[in-house]
Amino acid sequence: MSVILDVRHATKRFGGLMANEDITFQVQQGEVLGVVGPNGAGKTTLFNSLSNFHKLTSGEIFFEGKRINHLQPYQVAHLGIARTFQIPQAMGEMTVYENVLVAAMGKDKDEKRTEENTRLTVAMCGLAGLTDKMAKSLNVMQKKRLEIARAIAIKPKLLLLDETMAGLTGVERVEAVNLVRRIHQMGVTILMIEHVMEVVMNVSDRVMVLDSGKVLAVGTPEEIGDNDDVIQAYLGGKKM
Amino acid sequence: MMFKKMEKHSAEWIPLLIGILLFVTVLQVAKAGGRVTEPSEERLSKEQQATEAEEVIIGVLLPMSGTQAKAGAEVLAAVEMFVDIINEESKIGIPLAEGRGLPNLNGKKIKIVYGDLKSADTALSEAERLITSEAAIGICGMFSSATTKTAAVSTEKYKAILISEGTSPSLTAKGYEYFFRIFPDDTMYVRDTYQFLENLNEMEDAGIRTVAFVSEDTEFGKNIEVIEREYAEEFGFDVVENITYSSNATNLISECLKIKKADPDVLMMSSYISDVILYMNTFKQIDYMPGMIIGQRGGFMASELFTALGADAEGLYSTSAWALDLNLPLVQELNELYKAEYSGGVDLIADVLKCAADVYVLSLAVNQAGSTDVDAIKSAMHNLKYPSDQLFISGKGFTFDEAGQNNEGVSLISQIQDGKYQTVYPKELKNIDAIYPVPGWE
Amino acid sequence: MWKVITRDKKFCTGFCLALIVAMILPVFIKKPFVMHILILVCIWMLLGMGWNIIGGYAGQISNGHALFYGIGAYTCGIGMYLFKISPWIMMWAGMVISALTAIILGGPLLRLKGHYFAVATMAAAECGRIIFLNLDFVGGATGIDFLNKDLPAWYTMQFTEKEPYYYIFLCFVVIVFLLTKVMDGSKLGYYLRAIKSNEDSAQSVGINTTKYKMLAYIFSAVIVSLAGSLYANYIQYIDPYILMPLNISMMICLVAVMGGIGTVVGPVVGAFVMTVISEWTRSTFASINGFDLFIYGVLVIVIVTYMPGGIVSIFNKKKAGCEKV
Amino acid sequence: MIIQCIFEGLIIGSILAMIAMGIALIWGVMNVLSFAQGEFLMLGMYIAFYLNQKLDWDPILSIPVTMAVMFGLGVVIYKVLISRALKGPVLSQRLITFALGMVLANGMLMLVSSEFRTIKEVMFTGTVNLDYLVVSKEKLVPLISSMTITALLFWFINKTRYGKAIRATAMEKDAAELVGIDSEKAYMIAFGISCGVAGAAGCILSYYYYITPTVGSGFLLFGVIAVALGGFGSIFGAFAGGILMGLIDVFAGVYFNTALKYVVVCVVFMLIVSFKPKGLFGK
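Just so you know, the protein sequences line up as chains A, B, C and D, in that order. Quick note, the first sequence lines up with residues 785 to 1024 if you use the working numbering. Quick note, the second sequence lines up with residues 788 to 1229 if you use the working numbering. Quick note, the third sequence lines up with residues 2 to 326 if you use the working numbering. Quick note, the fourth sequence lines up with residues 56 to 338 if you use the working numbering.
Please keep in mind that the hints were generated in silico from the structure rather than gathered at the bench. Honestly, I wouldn't trust all of these hints.
Stated by the list, open to error - Mimicking DSSO-like on lysine-lysine, the simulated pairs with C-alpha atoms at most 27 angstroms apart in a straight line are:
id, chain 1, residue 1, chain 2, residue 2
1, B, K1165, C, K150
2, A, K896, A, K941
3, C, K182, A, K896
4, D, K109, B, K1126
5, C, K114, D, K142
6, C, K114, A, K839
7, C, K212, A, K896
8, D, K214, D, K240
9, A, K850, A, K917
10, C, K114, A, K927
11, D, K109, B, K857
12, D, K142, A, K927
13, C, K212, A, K939
14, C, K182, A, K891
15, C, K182, C, K11
16, B, K961, B, K1183
17, B, K878, B, K1126
18, C, K114, D, K333
19, A, K920, C, K114
20, A, K927, D, K228
21, C, K10, A, K896
22, A, K920, A, K850
23, C, K150, C, K31
24, A, K839, C, K212
25, A, K917, C, K31
26, B, K1207, D, K175
27, C, K188, A, K896
28, B, K1165, B, K946
As the list claims (entries may be wrong) - Covered stretches of chain D, going by a simulated chain C footprint (3 or more residues, C-beta under 8 angstroms):
id, segment
29, 135 to 141
30, 144 to 150
31, 327 to 333
From the three backbone atoms N, C-alpha and C, an ideal C-beta is built for every residue, glycine too.
Chain A on its own, in the form it takes in the complex (with noise of 0.2 angstroms):
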């Protein structure tokens, strides 16, 4: 298994206030890494790093060996980088369709096939049935939905989720889920940021937590299920 992001000491400051300290980790290929942490931890600070949707105050951060941070956002989707907003930027004019087809065009030149894969992920991520409506009418499940199909319609090697299970109930909890072990197995390496636990715990080869901008602890779901510092921070003492 090879490393296939490589963060190091990438550190965010915003003004006065500390969002990201000294955060090192790695990602291996094709493993699934849960980010968890309490709100204002850093969390969706770093994927805007990590996307450079704003520039690393200082650290470097490298995608198969290649130094990435002082890329613009969209070279690093090129490098192949997909992210979700946390909260849903659709296309709102647009489509479902024409969002997703939007993303699929970079990748590929000939439109027979580009059309034809747009297809298959509107369907993948179960929109088939809304593909002709317009972006800003659907309701937040299928926005957020429709976060995933336009990341993975770049063909990703690396795809950054943001809480795309936040808000959802536990039947398009179980849906999501499953979207995400299918994307797994499509050989996409996974970063997701996650509030809920259960989550987490059972799609995650290894959890990342963060508190206060800096990383509180990083091992297997059982390892961090047992870690007593992540359960005094995060989890608030309660174990579970």
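Take the given structure of chain A and dock chains B, C and D to it, following the hints.
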């Protein structure tokens, strides 16, 4: 979702709107192209159309909106006056007055069709419309030189007479075939201005040495500024300040401060009325008055000068080609008639009369030609006969040169004294002495 | 390219019909004034379509396109006036210059969002206007009058008849129109719409937003400048007051918005409606001071308020009101 | 000379600032770039003019009345037009205000003709001539009153209940509605006030300026630039922007070139926004 709402909202309106639009389109086509279907007309030349019509149609372009609309309205009134003089019985002692209509065209009447004069390109649009769909035989109006140039494009194309008082010398240099101008051009006005200054120096040894120019950044201002510079050298005055200002400036402080700094004996201005008002107010506020402010018509030849500035307008000079105090009896008659029945008490202003006179002269030419054939009218213009005892404009009458310029016109200089324009130069026309230097703001 | 156009049957037939009508119209119209209006319509179609690329597709609302209009017109004017070079050549020069201007301005300005971009472009256009007013070699405020009787008409593009103008302009309209149609279905079209909809997600799927916004800006500048060049040769006298007042910039938006912003057909419809309304109001109501513009304004308000998606939105409901910029 | 320039710059600036603040208020609260502000200014001037004609009130005294009338007008316009327009795209809103300006200007043209009016006798006239500076009372009084009105506006926006409501709506419409602020009402008041301020600016301007239906357009462009210069949503920014523009205007005119002074203004603006894309005081 607001979009849903909106669609519902608009739903009941849409048919109505489509209705309006269709209506508009239909009207437009009907207006302009309505009679196209009659095959006969396609063969008819414009001239024939006109002769078959009951009237001789003359197009007049005026600013109907924007800052000059007021002046436009005055011209309109004056034009109406002349048309009535021609079309109805009238006691005014000028040709075509007695009897109705044009005698040589067995009493045909003059009909005016108006067009709007927003900018130079609407001038083209409107000239096209008046000539081609209103069948006007000629275009007159309150042109600037810029608007004249675009109007000329269509008058030349469709062979119609264009009489314009745009004063730029470039107009007669262009070799237009159907262009005429009755009153002098800028060169003459500016030369006379300097001669007037020299004359002041000789007669009252006024000791005028320095001049400054203020010109707005339009066709009008630019042309005059160039000529003013040339003649300043020729007459040996030294130019202490030369300001071009933006015609849509919201304030003229910096301009006025610069002039105050330079403090010229004479300030020569070419501005439209709005800026004249602003300049005078600003000068007052910085407590400065040059020895003489002389304007090249434009804003200095407008009735609003009195209404808007009141006493502050006292002592302003302007070049002009016509004045109420010319010792011609007809001038007073016309002015009385104008004040009584057309303008509601406002005196006739030179620049208003000039445009109206164009229409009158064109009708004269039509009558003399005895036809509405444009080339006939053109040659009639070129040897226009006018009884010299019936003149109501300064100068000796009308002899147009090849370029279409009337060489008989004279320019004169008026000063505003006790609330009206009074001629102060040349001496054969003057009826009052020029006041120099004008007293500052007390 | 043909594939893209012919794929959409409805569009294809509609276009062909419209084209045929447009082609044979002059045969029936003997009134030069109506031809004149048709020619203006062509010009406004070009302007609308040009603006539509940056404003409609990329969603960057420029209120300063009069600048490019002026540049196009002036390059042709100067070319003929000073060097006797045919507009057929100069119009390309004009496009190049406009493109360069677009690049220079676009660099800093395209980073601005929403109203800022609008105001900045407005300021740019005003600059352009004042500078042209004070550059003497382009005639300054006196403008340039490049009517030329000696050279052959096909060379100077100065015809005495209206028909040649009409057909030349129509040609360009058709070309630009088809190009827009192609762009609409192409990668560029989708990317621009994506940027308009949501710049962040556009970035996240690997769209180089800066590059594509710039492209759009350049294209629209080029088309608008072409319109300027053609118009200049039609009126044969140009000065900054004709070409570059704020109103022209606003009208250009208006054309696209009325027709349907971000659609292929929108600007074409809009141009037709706008020109007809304004010429009609002027020729009908001008006798009362200001009444024509008053009516014009009212009509604009009504149409824009009650058809936010533009006139075309009536025909395809899907797009109605969706062009939220 | 320099002192004179500063003085005059402040005077022009104060007028631009008032227009700018009106625009900024609408921009900040309902994200509409209003192109009708120049015409509201014009209406203000006419109200002042006719009050002076019929009741010979001094323009300064007629400010409260004018503000009230314009406020009312603003509310009506909001109800009839803007509230509907707000449902549409941003660009449509802008164009609607543009067309509204056209309607107002030409409507006035039809009513009162384009004749240039001026208010001849005003309470304070004459000049005080200190050797380094000529102060004309005709401008000093307006300067003072415009400053007062600006102060009042600040007080209203920052201290009063309505002001706070408006600010809240500007920041977070939905949140404001949650805490029980009637955003519709807030919008209405905001629009009314921006009309009122423009009207007051008109009164003040009419003290030494000519009055004609098309007078507004010139002020509009620079008002808008001033707002963007100052920065989005910041009333103070608009004020500062206005003053700054006034100063640039005068200094560029005196020390650079009168014909190109507005080029300087525009270029300075474009430079500033290309380095600070949200304007000087933009949040």
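Each hint, compared with the structure:
1. B:K1165 / C:K150: Cα-Cα ~21 angstroms, so holds.
2. A:K896 / A:K941: With Cα atoms ~23 angstroms apart, A:K896 and A:K941 stay inside 27 angstroms; holds.
3. C:K182 / A:K896: Roughly 19 angstroms between the alpha carbons, so the hint for C:K182 and A:K896 holds.
4. D:K109 / B:K1126: Answer holds: D:K109 to B:K1126 is near 26 angstroms, not above 27 angstroms.
5. C:K114 / D:K142: holds, 21 angstroms
6. C:K114 / A:K839: Between C:K114 and A:K839 the Cα gap is close to 21 angstroms, so the pair holds against 27 angstroms.
7. C:K212 / A:K896: The hint holds at about 26 angstroms.
8. D:K214 / D:K240: The given pair, whose Cα atoms are some 18 angstroms apart, holds under the 27 angstroms limit.
9. A:K850 / A:K917: Given pair A:K850, A:K917 is violated - Cα atoms ~39 angstroms apart, limit 27 angstroms.
10. C:K114 / A:K927: Status holds; Cα separation ~25 angstroms.
11. D:K109 / B:K857: holds, 22 angstroms
12. D:K142 / A:K927: Holds. D:K142 to A:K927 sits at ~23 angstroms (cutoff 27 angstroms).
13. C:K212 / A:K939: holds, 22 angstroms
14. C:K182 / A:K891: holds, 23 angstroms
15. C:K182 / C:K11: holds, 13 angstroms
16. B:K961 / B:K1183: holds, 26 angstroms
17. B:K878 / B:K1126: Within the cut-off at roughly 16 angstroms; holds.
18. C:K114 / D:K333: holds, 8 angstroms
19. A:K920 / C:K114: holds, 21 angstroms
20. A:K927 / D:K228: holds, 23 angstroms
21. C:K10 / A:K896: holds, 19 angstroms
22. A:K920 / A:K850: Cα-Cα ~37 angstroms, so violated.
23. C:K150 / C:K31: holds, 25 angstroms
24. A:K839 / C:K212: Holds - the C-alpha atoms of C:K212 and A:K839 are around 20 angstroms apart, at most 27 angstroms.
25. A:K917 / C:K31: The hint is violated at about 49 angstroms.
26. B:K1207 / D:K175: Within the cut-off at roughly 18 angstroms; holds.
27. C:K188 / A:K896: Holds, because 13 angstroms separates the two Cα atoms, which is no more than 27 angstroms.
28. B:K1165 / B:K946: Roughly 10 angstroms separates the two Cα atoms, so the pair holds.
29. 135 to 141: holds (count 3)
30. 144 to 150: Three-residue rule met by the segment 144 to 150 of chain D, so holds; n is 6.
31. 327 to 333: Per the Cβ count (4), the hint holds.
Comparing the model with each earlier hint shows violations of hints 9, 22, 25; every other hint is respected.
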